[in-house]
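A.B. asks: Sequence:
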Amino acid sequence: KVDWQSAVVELAAEAATRSGGQSGKKWDFGVVFVNGHDGVLVAEIAKALDEVMGMQGNLIGVAVDSNSGILSSGKEYRSWSGRDSGISLLAMRTPENDDGKATPFFLDKQGLIMGVSPTIMRLQSRVRVRGSQESATPRGWRAYFGVEEVQQRPKGILLFVDPLASKWVVQSVLDGLDMAYPEAVKFGCVCRDLPPSMTGLAANIGGAGFKALGAGVAGLLLPSSISLHAVASPATVRVGEELRLTQADGQVVVEINGQVPMKALAAVGDDAGQLEKFLIDRAGFLLGLEAPRQMDTDFSKVWDGGETWGSSDRAPSYGRLMKQACGSDWLVRSIEPLPDGRLVIRRDDLKRVPPRVGPSWLRCQLHVQDLRQARKELQLMLQRYLGARLFLPGLTPPVGALVCACSTTTSQDSTDPELGMTEIREVFGDELPIAGLLTHGELVPPGISIGGLDRKRTTRQGHTVSLCFFSYQPNSQRQN
Numbered sequence: 078k079v080d081w082q083s084a085v086v087e088l089a090a091e092a093a094t095r096s097g098g099q100s101g102k103k104w105d106f107g108v109v110f111v112n113g114h115d116g117v118l119v120a121e122i123a124k125a126l127d128e129v130m131g132m133q134g135n136l137i138g139v140a141v142d143s144n145s146g147i148l149s150s151g152k153e154y155r156s157w158s159g160r161d162s163g164i165s166l167l168a169m170r171t172p173e174n175d176d177g178k179a180t181p182f183f184l185d186k187q188g189l190i191m192g193v194s195p196t197i198m199r200l201q202s203r204v205r206v207r208g209s210q211e212s213a214t215p216r217g218w219r220a221y222f223g224v225e226e227v228q229q230r231p232k233g234i235l236l237f238v239d240p241l242a243s244k245w246v247v248q249s250v251l252d253g254l255d256m257a258y259p260e261a262v263k264f265g266c267v268c269r270d271l272p273p274s275m276t277g278l279a280a281n282i283g284g285a286g287f288k289a290l291g292a293g294v295a296g297l298l299l300p301s302s303i304s305l306h307a308v309a310s311p312a313t314v315r316v317g318e319e320l321r322l323t324q325a326d327g328q329v330v331v332e333i334n335g336q337v338p339m340k341a342l343a344a345v346g347d348d349a350g351q352l353e354k355f356l357i358d359r360a361g362f363l364l365g366l367e368a369p370r371q372m373d374t375d376f377s378k379v380w381d382g383g384e385t386w387g388s389s390d391r392a393p394s395y396g397r398l399m400k401q402a403c404g405s406d407w408l409v410r411s412i413e414p415l416p417d418g419r420l421v422i423r424r425d426d427l428k429r430v431p432p433r434v435g436p437s438w439l440r441c442q443l444h445v446q447d448l449r450q451a452r453k454e455l456q457l458m459l460q461r462y463l464g465a466r467l468f469l470p471g472l473t474p475p476v477g478a479l480v481c482a483c484s485t486t487t488s489q490d491s492t493d494p495e496l497g498m499t500e501i502r503e504v505f506g507d508e509l510p511i512a513g514l515l516t517h518g519e520l521v522p523p524g525i526s527i528g529g530l531d532r533k534r535t536t537r538q539g540h541t542v543s544l545c546f547f548s549y550q551p552n553s554q555r556q557n
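With positions in the sequence shown counted from 1, the corresponding number in this note's numbering is that position plus 77.
Simulated from the structure, these hints should not be mistaken for laboratory data. C-beta: ideal position from N, C-alpha, C; glycine also. One or more hints might be untrue.
Claimed, not checked - List of simulated lysine to aspartate or glutamate pairs, EDC-like, C-alpha gap at most 20 Å:
#, residue 1, residue 2
1, Lys186, Asp425
2, Lys152, Glu87
3, Lys288, Glu128
What the hints assert, rightly or not - Restraint-style ranges between C-beta atoms, simulated for each label pair:
#, residue 1, residue 2, range
4, Asp252, Pro432, 17 to 25 Å
5, Gly291, Lys178, 19 to 27 Å
6, Gly192, Val504, 37 to 45 Å
Whole structure, please, built from the sequences with the hints as guidance.
C.D. replies: Next comes the structure, spelled out in structure tokens:
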């Protein structure tokens with residue numbers, strides 16, 4: 078068993094090998110993923126790596142259940158929580174003539190209330206004519222981070238969430254970043270569940286030294302020359318017709334289609350095919366909730382006199398509504414039955430259904446896990462991503478990749494190739510550095526997203542295999 082100090086030395090040597098032996102040159106930013114090494118603070122490991130790699134505090138430490146990577150020898154390695162320990166490092170270095178820098182940050186409830194909100198209100202107080210300039214909300218978020226100039230705005234943001242962070246905190250951070258930097262792809266995951274006395278996130282915020290972070294969201298605004306490309310591929314398939322969630326209270330689903338949820342699930346199971354019944358018996362149902370609508374980040378709507386943008390668009394036709402109903406993105410969640418037939422949704426909070434204002438029901442769709450179909454879908458999504466890359470002028474090949482796969486997609490006893498890692502190597506070859514994680518939730522826009530071009534809303538996914546590719550795209554290429 079290798080102690081963590083020796084692992085840090087080995088990582089530095091591996092990084093030097095990857096960079097062609099340029100051990101003296103400093104690295105710009107990175108993320109260290111720690112599995113095992115119980116009794117050692119993530120902040121301690123992050124601090125040691127930051128000093129060895131010369132990142133000057135632009136490093137985030139994240140505790141994970143399992144991590145994997147490909148060594149310089151070409152061998153793939155994975156460490157499992159509870160069985161062994163492992164440390165993997167995702168580090169990047171930009172050319173010497175690139176003056177961009179990464180910005181680490183951390184936001185919790187106190188940071189949102191005492192930091193972001195006062196900045197937004199201060200900008201709101203300076204507005205003399207409403208609608209004469211951009212809303213104060215995105216400007217306030219950019220002012221809080223200190224990255225306001227157009228040429229400095231990131232095309233990629235890495236995010237890592239503590240499992241104890243409230244849904245309000247996570248959603249507020251995602252919405253704020255989507256408004257402030259709409260063209261930046263946000264990608265990340267939920268870190269490992271640890272005892273209350275331990276924290277799974279560590280960073281050097283504001284030059285105060287590496288410290289353990291609480292229940293919130295840690296992130297890294299990447300240099301403007303680094304573009305993130307994200308691919309979110311489901312590991313589930315739909316079963317049955319679309320349903321309506323008609324009553325819920327917090328995490329408890331009370332009614333589906335106006336009846337006890339377990340009865341609605343049983344009816345879908347009775348009408349399922351033989352393969353679907355086999356998948357249901359093996360892993361049970363999963364519940365897909367409708368993904369939130371895309372925000373108007375390009376301000377193309379009509380100003381309604383407030384701090385939000387309204388719409389003067391005509392009501393959609395029935396044909397358009399049907400197309401939306403057939404092509405929705407679903408946020409898949411695990412469910413547990415209660416003795417009285419109700420359901421509990423893990424890692425989500427529906428608040429109150431029906432709400433006091435708005436539709437009296439939510440759209441939902443039952444899913445089942447199908448890893449064989451998930452591998453085929455992932456291969457197809459990668460081909461679509463390659464097609465999207467053809468329309469990017471002057472784009473260089475990716476310099477690295479990060480795979481965030483739901484912890485339900487593999488196990489220690491599985492002999493099948495790991496989802497994500499194998500498919501990437503088939504497309505981009507064995508030379509591309511890849512870091513792999515098993516997560517409890519993936520932060521990624523639905524489908525395929527290209528940093529610097531696409532404006533998609535970031536969602537907290539579940540039961541997906543999400544891929545992130547790092548590409549070097551200086552601002553000169555972006556202007557062209």
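A.B. asks: All hints are to be evaluated individually against the structure, with a verdict given for each.
C.D. replies: Hints, verified against the model:
{"no.": "1", "hint": "Lys186 <-> Asp425", "in the structure": "18 Å, holds"}
{"no.": "2", "hint": "Lys152 <-> Glu87", "in the structure": "15 Å, holds"}
{"no.": "3", "hint": "Lys288 <-> Glu128", "in the structure": "15 Å, holds"}
{"no.": "4", "hint": "Asp252 <-> Pro432: 17 to 25 Å", "in the structure": "18 Å, holds"}
{"no.": "5", "hint": "Gly291 <-> Lys178: 19 to 27 Å", "in the structure": "26 Å, holds"}
{"no.": "6", "hint": "Gly192 <-> Val504: 37 to 45 Å", "in the structure": "41 Å, holds"}
Of the numbered hints given earlier, the model fails none.
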